[in-house]
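Using the sequences and the hints, build the whole thing.
Okay, here's what each chain looks like letter by letter:
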Amino acid sequence: MNLMLGQRQLDRIHHTLKENLIDIGAQSAMLIDTAGNIIAVVNNGSDIRDVYSLAALAAANFGAMSSMAKILGEDEFSLLFHKGERENIHLSKVNNNFLLINIFTNQVSLGFLRLKVAEVINELLGVLVIK
Amino acid sequence: MAFINLKDRIIQAKIVYYGPGRCGKTTNLECIYNRCRNQIHSEMVSVKTDGDRTLFFDFFPFDIGKIQGYDVKIQLYTVPGQVKYNSTRRLVLKGVDGVVFVADSAVERRNANLNSLNNLQENLALYRKDIFKMPLVMQYNKRDLAQQGMDILDVNILEKDLNSSLKAPSFEASAVEGYNVVPTLKKIIAATMAYLEEELNR
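Protein chains in written order, with the working numbering: chain V, 41 to 171; chain E, 4 to 205.
One should not assume that every hint holds.
[To be verified] In silico lysine to aspartate or glutamate, EDC-like type, Cα no more than 20 Å apart, as pairs: (1) Lys69/E <-> Asp133/E; (2) Lys97/E <-> Glu116/V; (3) Lys10/E <-> Asp51/V; (4) Lys69/E <-> Glu201/E; (5) Lys97/E <-> Asp51/V.
[Claimed, not checked] Per the computed footprint, the stretches of chain E lying under chain V, defined by three or more beta-carbons under 8 Å from a beta-carbon of chain V, are: (6) 46-52; (7) 88-102; (8) 136-150; (9) 159-169.
Quick caveat, the hints were computed from the structure, so don't treat them as lab data. Positions of the beta carbon are idealized from the N, C-alpha and C atoms, including for glycine.
Right, dumping it as structure tokens:
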């Protein structure tokens, strides 16, 4: 099973990440797969130095949380939120194969971000097709 | 699951170093990291326990240059070898495109090698991957133990135990001395790329 995305699909992904997440103040929005591969990264100009490691750790983090959910008798925890002093990270499941990572400062409302994330996930589901 | 970005012409593939506890998986990655710094543009990530054993994985992305106009990035991972960490091993195997099985040449680790290989087969099957069909390279590590007067398994025994039906390419190696670490990596990258090309042309 391989994933191949063309120009049009990637443009749509970039567009929805930028319009819904970066334009409301998020620093960075990343779409990754659950194996830790990066599908798309959009940011507000403040580059994250090591996106590949971040993606690998985020995928692992999410996988670990899913295993913990199963131990508790839950099907899954569909989102994760880590709060820092300046930066926060929000991870949400798009479907069984993809995760959305958002990095944002305290100036962005978590509730508003979650609302936008839900909209983005709906759009992404229409774009992502596995060959 | 490899990811192919047709817009930016990037291929990302995942190679996992698997094997029993203390067989030298992390040492392999550390050796590659030190020898191939110009192809690695980030720090090596290691999620370890207090006792310096791998808890989750070691990781770094490795640029191998262009293949057919695509920039190829290989994500190198190790799994934790300790038996009790099977759930984290499964997580790391998700989306794997190629495997290096690192066997320990020490005589007393013979059963541990077999158990780990069986465990690999079971865990791959969870992702509907067949160990006989996917890119796999065997590495018989710690050959240097013989110089220290320790008993090591003959390569023929290792081949018979682990590789008689798999018939994967195999290397004798010493990760601490850097012997055959890079050739092992080159072999699994070549096998993985050939496999992906075949998959894409299907």
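Status of the hints after comparison with the structure:
{"no.": "1", "hint": "Lys69/E <-> Asp133/E", "in the structure": "violated, 28 Å"}
{"no.": "2", "hint": "Lys97/E <-> Glu116/V", "in the structure": "holds, 17 Å"}
{"no.": "3", "hint": "Lys10/E <-> Asp51/V", "in the structure": "holds, 8 Å"}
{"no.": "4", "hint": "Lys69/E <-> Glu201/E", "in the structure": "holds, 17 Å"}
{"no.": "5", "hint": "Lys97/E <-> Asp51/V", "in the structure": "violated, 27 Å"}
{"no.": "6", "hint": "46-52", "in the structure": "holds (count 3)"}
{"no.": "7", "hint": "88-102", "in the structure": "holds (count 7)"}
{"no.": "8", "hint": "136-150", "in the structure": "violated (count 0)"}
{"no.": "9", "hint": "159-169", "in the structure": "violated (count 0)"}
The structure is inconsistent with the numbered hints 1, 5, 8, 9, although it conforms to all the rest.
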